[in-house]
Amino acid sequence: MASYNSIVLVKQVPDTSRISGDAMNSDGTIKRSALPAIFNPEDLCALEAALEVKDRFGGTVTVVSMGPPKAADVLRECLYRGADRAILVTDRAAAGSDTLATSYILSQAVKTVGNFDFVFCGRQAIDGDTAQTGPQCAEKLGIPQVAYLLEIIDVKDGKATLKRSIGDGWEIVRTTLPALVTVVRDANEPRPCSSIRVMRNKHKRVPAEVQDPAALAPEDRLEQWSLADIDADLDRCGFAGSPTKVHKVTSIVLKTEGHTSIEATEEGVRALVAELVKDRALA
Amino acid sequence: MTKKNPQGEVWIFAEQQDGKLNDVALELCGKARALADVLGVKVGAVLPGYQVAGLAPTLFAHGVDRVYLVDDPNLRYFTSSPYAFVMETLIDKYAPQIVLYGATPLGRDFGPRVASAIRAGLTADCVELEIGDVVDAKTKEEYKNLLYQIRPAFGGNIVATIVNPERWPQMATVREGVFPKQEPDATRGGEIVEEKIALDPSLLCVEVLERMVQERTVDLKGARIVVSGGAGVGSKENFQLIRDLADALGGAVGASRAAVNCGYIGAEHMVGQTGVTVRPALYIAIGISGAIQHIAGMQDSAKIIAINSDPKAPIFSIARYGIVGDLNQIVPWLIKAVRERPTE
Ligand SMILES: Cc1cc2nc3c(=O)[nH]c(=O)nc-3n(C[C@H](O)[C@H](O)[C@H](O)COP(=O)(O)OP(=O)(O)OC[C@H]3O[C@@H](n4cnc5c(N)ncnc54)[C@H](O)[C@@H]3O)c2cc1C
Ligand SMILES: Cc1cc2nc3c(=O)[nH]c(=O)nc-3n(C[C@H](O)[C@H](O)[C@H](O)COP(=O)(O)OP(=O)(O)OC[C@H]3O[C@@H](n4cnc5c(N)ncnc54)[C@H](O)[C@@H]3O)c2cc1C
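Protein sequence lines correspond, in order, to chains A and B. Each residue of the first sequence is one higher than the one before, starting from 1 at the first, in this note's numbering. Each residue of the second sequence is one higher than the one before, starting from 1 at the first, in this note's numbering.
By construction, these hints were calculated from the structure, which means they are not laboratory data. Since we're looking at a predicted model, the values are computed, not measured. The beta carbon of each residue, even a glycine, is placed where N, CA and C say it ideally should be. One should not assume that every hint holds.
As the list claims (entries may be wrong) - With a cut-off of at most 25 Å between alpha-carbon atoms, the simulated SDA-like pairs for lysine to any residue come out as follows: (1) A:LYS245 x B:LEU209; (2) B:LYS312 x A:LYS245; (3) A:LYS156 x B:LYS196; (4) A:LYS156 x B:LYS312.
Unchecked claim - Quick partial rundown of chain B residues pointing at chain A, CB under 10 Å, derived from the structure: (5) PRO152; (6) ILE192; (7) GLU215; (8) GLN240.
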């Protein structure tokens, strides 16, 4: 039987649903250190889709993340849930990458892993919120993309039949492989970590996470790649490789005009409706 | 990479499905027109599809000068690669200075692919676009007439202004409902430029086998009055209160994401950053705390009424009228008062 190898791109993100005033700098930027770092939610669904391919058809699951050494947290979590291999791409020269540069770096990493049938991404990361990285990786890899996966219907003879969301409905498409697939939250329920896999993998570290990398036992070592390791052209990475520049950032300031408190009584409500009628707010 | 062309046109991607232009395409026409007038250039619309030439007059009426028509049976149903190839080819040929896409599922699918191929930037989900100058803080170099691309990020908690000083075209996606649709002017004419673009079979490797499009049943965007319920409503059954008030007011029913996630109502009713942006004459938020992502989708409403039992709920900070109390008591009063309201 044919088997299919998947590469999953996973990102560690600040938990933007928990932002409070304390997490904002006065210039409107975010204090990332004040927010818990989590596994980007839709990337868990991307991982689950890859694990499903492995369970149904056989093959391997490799996960790749680009980020600071701390992003190895999400790689360990992938191993706990069933991934076979995990790689962190970390390099100072990657800082400041927009989605064009990010997708260039990730696609170089995917090419370096090689021998894949599927690349799975989350639809969108909850911090940058662009949903652009997946489609851009597909273009850079020269492969087709299928966005917003809902269901893997079948994979056979080098083609995948997939159900995807199209906003106001759905579509069933058949794509040649290899292909890049972005996954939405409704696609699946990510499996939990397995306790055996946690025991087996929890001591693993990338060299950049430890004081003395030389002392890291080979069985405790997670793979760490630099931009040189993936043969990346530095002009296409980081600030240099990013056409978009952040010119200004402001935290959202809410406008408060005249505010009227309405008494929570039947009379209060009646008076409010009368005022709205007078103002022609109720046509 | 394309050359920087300050004489280039302002383009929009004219998204259509099943031969119908979608709203956001027409909303973009108005914005593109305004930007092009500041820059003194023409507005172009790229219209790929099959048997869609009939849509050109609508585009002209909404402010487009030139429609680049690519009519091909292979473009009948959207798939990413051929649509992206069409766009890349035309951008290469005509070097527009700005290209705008709707941030629809379709625009967010192939727009990034275009950007990657031509190695241009793409700013996602803009809520405002303006022309302005920028001085580079380090080199002191001045860039004139750049597109300020203003977008929320970090879950809507910040707003960033993004510019592309060096590498053009300047491309952005814009969510539906962000810019108002301008009144069409049926007397406006324009030029149709027919483009034949050969689609290599390698681009056609995704086939659409089956397709189900649900009619949109909720017109939140067009509603003058929106009544929205949140997690505070408490149950699917109790959500009937929200519907009843909307009925009494002749308004549409909206919801927060928490209400949708709790299963009180379908996702097509969601207002906010990930839902619909609305700007009705009256917005009534009931049992909604006022998370920034919700506010992002309704703060431009002319009048906001908030009903919440927690006096500290952030929703009150943007409300014109606030009622602190139990919605189960207040909403029935409100329905009664509305039904019995005096007529002017
Ligand atoms: C305020 C602000 C605004 C920004 N606006 C823009 C903009 O408009 N346009 C632009 O081009 N860039 C923008 N950026 C930069 C952008 O956030 C980064 O390039 C980021 O690395 C990737 O974009 P994203 O977070 O939107 O991810 P998305 O494109 O939403 O991510 C989609 C998927 O790609 C994969 N993925 C993304 N990043 C990684 C990673 N590091 N490692 C592994 N997998 C990954 C994951 O599977 C993820 O689910 C902005 C940054 C900031 C701070
Ligand atoms: C990336 C991202 C995107 C998001 N996009 C959206 C979006 O588009 N739209 C959206 O809405 N949310 C969005 N959210 C979610 C958002 O952060 C909030 O979680 C959500 O808006 C909360 O909904 P809520 O106000 O109904 O619920 P809650 O925050 O739980 O508030 C319920 C409110 O009801 C009040 N209440 C309870 N009982 C009563 C009663 N009997 N009478 C009166 N009041 C009562 C409570 O005081 C409380 O204020 C997004 C989040 C993220 C991270």
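Tested hints:
For the hint linking LYS245 of chain A to LEU209 of chain B, the alpha-carbon distance of about 41 Å lies beyond 25 Å, and the restraint is violated. The suggested pairing of LYS312 of chain B with LYS245 of chain A is violated, with an alpha-carbon distance near 37 Å, which exceeds 25 Å. Taking the CA atoms of LYS156 of chain A and LYS196 of chain B, the gap is near 35 Å; set against the 25 Å cutoff, the hint is violated. For the hint linking LYS156 of chain A to LYS312 of chain B, the alpha-carbon distance of about 57 Å lies beyond 25 Å, and the restraint is violated.
Evaluation of the PRO152 of chain B hint against chain A yields a held restraint, the C-beta minimum of about 8 Å falling below 10 Å. Against a cut-off of 10 Å between C-beta atoms, the interface hint on ILE192 of chain B is violated, since the closest Cβ of chain A lies about 28 Å away. Checking GLU215 of chain B against chain A: minimum C-beta separation of about 8 Å stays under 10 Å; hint holds. Hint on GLN240 of chain B is violated. Least Cβ distance to chain A is approximately 19 Å, over the 10 Å limit.
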